[in-house]
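S.K.: First to last, the protein sequences are chains A and B.
When the letters of the first sequence are read in order and numbered with this note's numbering, they come out as residues 1 to 859.
When the letters of the second sequence are read in order and numbered with this note's numbering, they come out as residues 1 to 111.
If you are wondering where the hints come from, they were derived from the structure by calculation, not from laboratory data.
Ideal placement from N, C-alpha and C gives every residue a C-beta, glycine not left out.
Please note that the accuracy of each hint is not assured.
[Unchecked claim] Distance windows between CB atoms, simulated: (1) B:Tyr-91 to A:Ser-437: 53 to 59 Å; (2) B:Asn-37 to A:Arg-57: 28 to 34 Å; (3) B:Phe-10 to A:Arg-30: 47 to 53 Å.
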Amino acid sequence: MAVALLLATLPRGFTRDTILGDLAQEYRRRLVRSRLGATAWYWRAALQLSAAYTWDRIRGAPSALSQDLRFAVRSFLRSPAFTLFAALTLAVGIGATTSVFTIVDGLLFRPLHLPEPDRLVRVHVTEPAHDDWSIVVSGATYLDWRAQARSFRGLAGYRSLNFNLVGGQFPEQIRGASVTANFFDVLGVDAALGRTPSPTARETTEQTVVLSHSLWVTRFGSDPGVLGTTLHLNGTTHTVLGVMPEDLAFPERTALFVPSPYRVPVAPGAPVDRSDDRGAQYMSVLGRLAEGVAVEAAQAEMDALSQRLAELHPEHQAGEGAAVVPLKDDLVGDTRATLLVLLGAVGFVLVIACANVANLLTVRASGRYAEMSVRMALGAGLRRIRRQLLTESLVLAFLGGVPGFLLALWGTGALLGLAPEGIPRLGEISVDLRIFSFCALMTLGTALLFGLAPAVGLSDHRGALSVDSARGRTADRRRTRLRDLVVVTEVALSLVLLVGAGLLVRTLQTLASTDPGFDPTHTLAAHVTLPSATYEDDEAMRAFYDAALASIQALPGVESAATVLSLPMHSNARGTFGLSVEGRSDASADELLAGYQVVSPEYFLTMRIPVLRGRGLLDTDRTESELVAVINEALARRLWPAEDPLGRRLTFWGDPEDPDTEWATIVGVVGNTTPDGLDRPPVREVYLAQHQLPLNRTTFVARTSGDPYALVPALREAIGQRLGDYVLQGEDAVEGKGGIDLADMASIGLYGVLSYSVAQRSREIGIRKALGAPYRGVVTQVVRQGYTRVLIGLTLGLVGSVLLGRTMASQIYGVETTDPLSYLTATSVLAAVALLACWIPATRAAGVDPVDAIRDGTA
Amino acid sequence: MTNESLLGTFEQLVLAAVMQVGDEAYPPLVLDWIKRNTGRDVNRGSLYVTLDRLEKKDLLRSSHGDTNAERDGRPKRYLRVTREGRDALAYARASLLASWNGLEEILGGTS
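Isolated chain A, as found in the complex (with noise of 0.2 Å):
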């Protein structure tokens, strides 16, 4: 062993061999007196040489590293626009793909930290008929599921709730969830300290809740103790039963699990029984499938079990489907499609950087076979040149990998700020090195192999025949070609990974763009739920409300102020409920499926939806008025296609054959706000007058004038009550970002090849101009011929983007695969970019003295 790492350290020959003599001669000697002891020696002295002669061999190394560090540095100093051009390619290329990547990847890919996770499945009511999602479902529906489906080892239901957490240091409300008590059996995960319920448990005295592993450390500081105590929520006891594990993230933001009382979860409103009950849909249904069943077997059941129901009870279920989602699909949900776009397009992105930065080495190898020639004749072995240029590549890596990797770091950071609230696992995300480490590999490697470029056929032609050929630069016919090939190659793949992204980028808009119906941007949003204690009756809670909005509307920067009951887009499973319509009788329950909003009148100013019919909600609209409700244009073409909603009445709770039902007439229509994903319908919707309709719980928004953050504090303030706020975002803001770094990639990989092999020619222009030829004269031709080169990139270009739009015909939504404007796009980028490219550097080398351009031969 220690003979090994002396023969594997030491440099070979004489001197090699007289060590081991040596040491041979004097463990032997040494051997007589102790065996162990002789074997310590020699090891001690083996570690010693090796130790010596490698720190030697390091030492004598840096004169050379130095050398080439040195060499690289001035090399890129002498031309700054590659050198930045290639950085800023591997930058971007590294960054914005690892932030993209990064994303998708913990969206995507990771799997969910529950046991047995494909086994794991949502089931929501739909309506296939209507093309209309309802992914909520009713309390009843869901015990006929569950006491006929087969397929399944478990369903549970579950509905996230705010609770205000009465005691300790001050009131809070949390998010949690109201669950039944086989919630935590079917998710399969336990309590991390103390116990779930039983999953059997049901309709005991005692109110229990299960607290989150955060909710534990934040509110309770990590004490054990919390087992058994009692917690006051919504004015209810509940005893602490358990704490769930730290990684459990599902259902999303949930602090608390509350198992409900009834074999249903409770319903936000009035803790009512809603076993029974088919026409609130209002939860979500979690099932575990049994063994061996397939997620196709399940949804083949529950088909037939859809029907069967159906036909029971017609007025609730007709034509109600059922589906079967695999929770990991389920819970990236719509976001799924997009994800997968953007991968593809930033996929591009980083073969774009990979090409670019192939091209502008590949392009600059051509204009140094000159200086490599001259180097190899004044005796530089071909090695040492290598390892010059391996050296250059990797200082170009350093400039660009470092910088990457900040924009990487920046790039997730500013993506998940941009992220719309409702997307889930976001807050499982982070940098992931793994993927940093694979597109910064990705880059590198090709700038590592490209940068070789110079090297490669330099072999076999040596000496003064090369430098001869380097000296005739003008005529040096192969080189040109190469740098005309670099170009129309250059050219015709951006525009193909151009239109691509673009096409890319158009079906994330059409995704995305779909106005949401109202003004997300400059808008700030706080949740209240009202102690029922406190505030008991509907007198108590309309005068909090109207000192609280007096007092956000009165802030400098608050544009106006509304309440609304929930934010559309942050309200996952906000439910549809039953109502009754006066003289409407023939109506299916179906149509009279409808979801409702408690807003107060400056609500469709401040979110910005229209009013398109009659009048919005007004301050006369109080408890002594008529009750008034203005209803979506959703609402209004499904009862009333074609007739005038205004002026006929509804009801939600009221028995429509009792006398004394009170009616709320319909005054106004507004349009449609998007419900939980973009690409879904909108929901029909009735709007009623938070000052007749008080509930405990709302949603202050306003619409501000400046950055909405700036206003948090004050508007804290101004509620007077510790609250959870956030800023509503628009969802364009992420989608977007795939495109422009790619735009952005091609444009500055094409503008560097480009301008870097026009300015190769500065030695001929110079020819020119010292043979009398005019400025505008040269400049013409330049770009001329630039340009031809160009124009046969593009054309290329625009048959491969065809053939690669024909190819993406799956991934692309709303859009054509010819679409025009994704191609005229693309082209005219390129098309200016390249002028720029061609115009810029030739105009610079026109203006060069003949002298000097003629003797330099680079610009």
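Use these hints to put chain B onto chain A, whose structure you have.
M.R.: Okay, now just chain B, sitting in the frame of chain A:
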């Protein structure tokens, strides 16, 4: 002509030791000599590396010596200080002595 680069202290020590050991000088003996006469436990690796460096500077020359079974049949490396080596050592000594001029009393007094 002396080498323009001054000898390092350890280099001087090694050169001197090689000369002291004489005709039979080979690395283990040199190591022994240094240990015995200066009391310094010299790192074996440093010695060999320094020997190589001195040889590269032509201050030292080595020659193949005899082999035997005790050495696994590997040769001895006999060391001899070259003329340049001797000059360099003499120069180092002279410049050191010159720099000590007038300091003998102080240095002598304290030691």
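S.K.: Are the hints correct? Go through all of them and say.
M.R.: Okay, the hints, checked on the actual structure:
1. For the hinted restraint 53 to 59 Å between Tyr-91 of chain B and Ser-437 of chain A, the CB-CB distance of approximately 56 Å keeps it satisfied.
2. One distance hint, 28 to 34 Å for the beta-carbon pair Asn-37 of chain B and Arg-57 of chain A, holds here, with the actual separation near 31 Å.
3. A beta carbon spacing of about 26 Å between Phe-10 of chain B and Arg-30 of chain A contradicts the range 47 to 53 Å that was offered as a hint.
Consistency with the previously given hints fails for number 3 only.
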